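Going line by line, the protein sequences match chains A and B.
When we follow the numbering used here, the leftmost residue of the first sequence carries the number 1, and every step to the right adds one.
When we follow the numbering used here, the leftmost residue of the second sequence carries the number 454, and every step to the right adds one.
Keep in mind that the hints were calculated from the coordinates and are not lab data.
Source: prediction; values computed, not measured.
Beta carbons: idealized from backbone N, C-alpha and C, even for Gly.
Mixed in with the good hints there might be a few duds.
Stated by the list, open to error - In silico DSS-like pairs for lysine-lysine, Cα to Cα no more than 27 Å straight-line: (1) B:Lys578 / A:Lys5; (2) B:Lys544 / B:Lys806; (3) B:Lys458 / B:Lys478; (4) B:Lys480 / A:Lys11; (5) B:Lys464 / A:Lys76; (6) A:Lys4 / B:Lys464; (7) A:Lys76 / B:Lys458; (8) B:Lys464 / A:Lys91; (9) B:Lys858 / A:Lys11; (10) A:Lys5 / A:Lys399; (11) B:Lys816 / B:Lys480; (12) B:Lys480 / B:Lys464; (13) A:Lys76 / B:Lys701; (14) A:Lys5 / B:Lys458; (15) A:Lys11 / B:Lys458; (16) A:Lys4 / B:Lys458; (17) A:Lys286 / A:Lys353; (18) B:Lys578 / A:Lys4.
Stated by the list, open to error - So, partial list: chain B residues that the calculated Cβ filter (under 10 Å) puts toward chain A: (19) Tyr499; (20) Tyr600; (21) Met874; (22) Phe881.
The chain contents come next:
Number of protein chains: 2
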Amino acid sequence: MSTKKFLLEEKDIPTAWYNIVADMKNKPLPPLNPQTKQPLTPEDLYPLFAKKLAQQELNETDRWIEIPDEVRELYKHWRPTPLVRAYGLEKALDTPAHIYFKNESVSPVGSHKLNSALAQAYYCKEEGVKNITTETGAGQWGAALSYAAKAFGLELAVYMVKISYEQKPYRRSIMQTFGAQVIASPSMSTRAGRQILTDHPGYQGSLGTAISEAVELAMQTPNCKYTLGSVLNHVMLHQTVIGLEAEKQMEMAGEYPDVVIACFGGGSNFSGISFPFLRHKLTEGKDIRIVAAEPASCPKLTRGQFQYDFGDEAGYTPLLPMFTLGHSFSPAHIHAGGLRYHGAGSIVSRLKKDNLMEAVDIKQLDSFDAAALFARTEGIIPAPESSHAIAAAIQEAAKAKEEGKRRTILFNLSGHGLIDMTAYDQYFAGDLTNHELSDEELSKTLSGLEQII
Amino acid sequence: MSTKKFLLEEKDIPTAWYNIVADMKNKPLPPLNPQTKQPLTPEDLYPLFAKKLAQQELNETDRWIEIPDEVRELYKHWRPTPLVRAYGLEKALDTPAHIYFKNESVSPVGSHKLNSALAQAYYCKEEGVKNITTETGAGQWGAALSYAAKAFGLELAVYMVKISYEQKPYRRSIMQTFGAQVIASPSMSTRAGRQILTDHPGYQGSLGTAISEAVELAMQTPNCKYTLGSVLNHVMLHQTVIGLEAEKQMEMAGEYPDVVIACFGGGSNFSGISFPFLRHKLTEGKDIRIVAAEPASCPKLTRGQFQYDFGDEAGYTPLLPMFTLGHSFSPAHIHAGGLRYHGAGSIVSRLKKDNLMEAVDIKQLDSFDAAALFARTEGIIPAPESSHAIAAAIQEAAKAKEEGKRRTILFNLSGHGLIDMTAYDQYFAGDLTNHELSDEELSKTLSGLEQII
């Protein structure tokens, strides 16, 4: 377990987030009003989101957006996070590749999600909002937002995907310990929840459904805004602190990554680690590969369609330009609950469409093989979501070995798995299986998509 | 949740552990052979412990003991740990006191236990040992030793107190993920386990019983040593990295603690944070208070007897001079499993006897009140064990407020509670109770003690 950490000081925490849209030649397509099919303005988003967040969402011009002092102060609770050279993993793989990971698991809630949670709670608080709502898959985002809501004195209701609510009771308890109210979704507390429970009795939930419920509650509650942990442009923006720090740390290590890898659910940790590196590809033509690792059971980037779609199951959100499996797609119950989302965010979808990045799909068992190896060689038990990035990094390292080439690999360890131990139990007991999407299921789920593009 | 962290660099990780015994006027009484009642030599301990550890155990002369490079390298995985000014907690308490905590929860296994686990595994490996055994209460020590065993390529069997095995399945899974074998204690795999199950069918276990089982297995296995996570002098020694770092960090903060507080099970995190500060009281007469916070249900320091006693339930260990409740004491099933031990280590017992430190007892509900307040003001969910230190710190802060005096309080946050969420669930549901030891139970448990001193 020999290791090498590259550490920054508090003063090195970035003072601005990086807005990649300013550097994109082809901008992401705009979100559309579902009725009129007209592009939305920030004002259209004000009922749902804090104004500053709505403005960030559609900002195509400012490359750097200043991080408010109040947010940066709270980042100091755990940032800058370490960059680690994974000597133990390299040795076990007997690879000529150099493997680095950015360790976002050291945050007080155990994942990168706090980077955006604090920003969103801050902007809500700043404009006088009292209540916020959100959804959560595996519970990482919900835990982070509970922490952030407590830090800024906001009330919070979290709709937690039912399968995760049951599989991950500890994350529910963490949210409650920070003072949040947690509701298993689908619930009877919203029209959207009642509808899907009527149509699909016993439905175990999905992020799409939970979003519908959280949006509905926010719209019907006075002085209340909705917040989202991924997918949207402003979330990607806040997460860029990861990659901005990692850039400096790779410089300290005297290397530059040939490939940057992250797991992919809606895109938040992926964008966070990769956009600051991608910047140099966009602006200087730097030769670097960016790889999203998604689960084989929810392969929107590798097998989905580039099309306008709703962000939620009930169709409450604007239409977003996404690589999508269709908003009514019901993913298999894999343990990487944070990756069970039908679509990719607008920016990432544009980048993928323009071949500025790649995607690979990872089978559940391969992700756990990678997780166990990583735990035993690097001493950190990774979240099932992050394990997809590790699996992809291991594939890259194997290719390097095959080709006998040195290759510098950087991946994001988005979170630890200390609260996901039941999944590990099932893995070691041989009770886990792979869930691949058949071509038939795929064409069925895509057939419902309205052809707008 | 405003905060201020005091951070050291890797080069500031101590290069030597502090051996307080060298500075004690009254040395701890020696361990005795139970048959002959004669003091033990290091050689007497060689069958059970690695030689270097046996030598450290009885070392009364060397003030500083060099930390092996291999161990210090592994410390770099997470050390130095932050010292944090708890502004949020201070504000909630409206106290003139300044409260600081040393955050040992940032280790990859979530507690301070890794400081000694790595040292013990290293010395075992160094002398060619292949297998090690140990016991664990709440699972913090077991998790740390599993990590350390994996780091040094040793096989490990852990006897885990049955009540914790059931209450804290995640910690069991963590040990298994790192490759350790975990057995619920009492088990049928040892003579000691069979005996107590025969005498007390359905017995839920104690650290004393688990130690007996681990010692028995080590004695009967070729090329195998036993390791312990607390109580013994060499464990206290390894933990002093905590206080040595904290001293430097308090200096950075421009303050010196009036009182240093830690929770108390066998004494490992307590000794770790306090001995380096106590040094200045012993050698320069510095005015500083040292406070151990133990559970009211297991009050060896506040209500136990200073006497020779066995370290384990079956009487396999040497006789140790301890504040003890008797080695057959069966503590109530509180959630702070790591504090459910009948005795205090030799050094701490001597210090307590000589009034060089104090002890307070904390009721279970008070510890959880403190934990919830800390989580909501500082953003870290503490382990139930560590919550006893927080409760004691809150008491000190309340006294400071009463007296209208500024007071500088330092406590050790020995671990996080992310894997103890069922305990929090029970607390929030109102299902937890206090367990105080009645005078009758106390005199009964003490009556079995042989009067040697």
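Hints, one by one, checked against the model:
no., hint, verdict
1, B:Lys578 / A:Lys5, "25 Å, holds"
2, B:Lys544 / B:Lys806, "36 Å, violated"
3, B:Lys458 / B:Lys478, "36 Å, violated"
4, B:Lys480 / A:Lys11, "47 Å, violated"
5, B:Lys464 / A:Lys76, "21 Å, holds"
6, A:Lys4 / B:Lys464, "13 Å, holds"
7, A:Lys76 / B:Lys458, "8 Å, holds"
8, B:Lys464 / A:Lys91, "26 Å, holds"
9, B:Lys858 / A:Lys11, "34 Å, violated"
10, A:Lys5 / A:Lys399, "25 Å, holds"
11, B:Lys816 / B:Lys480, "32 Å, violated"
12, B:Lys480 / B:Lys464, "33 Å, violated"
13, A:Lys76 / B:Lys701, "20 Å, holds"
14, A:Lys5 / B:Lys458, "19 Å, holds"
15, A:Lys11 / B:Lys458, "12 Å, holds"
16, A:Lys4 / B:Lys458, "23 Å, holds"
17, A:Lys286 / A:Lys353, "19 Å, holds"
18, B:Lys578 / A:Lys4, "22 Å, holds"
19, Tyr499, "28 Å, violated"
20, Tyr600, "6 Å, holds"
21, Met874, "4 Å, holds"
22, Phe881, "6 Å, holds"
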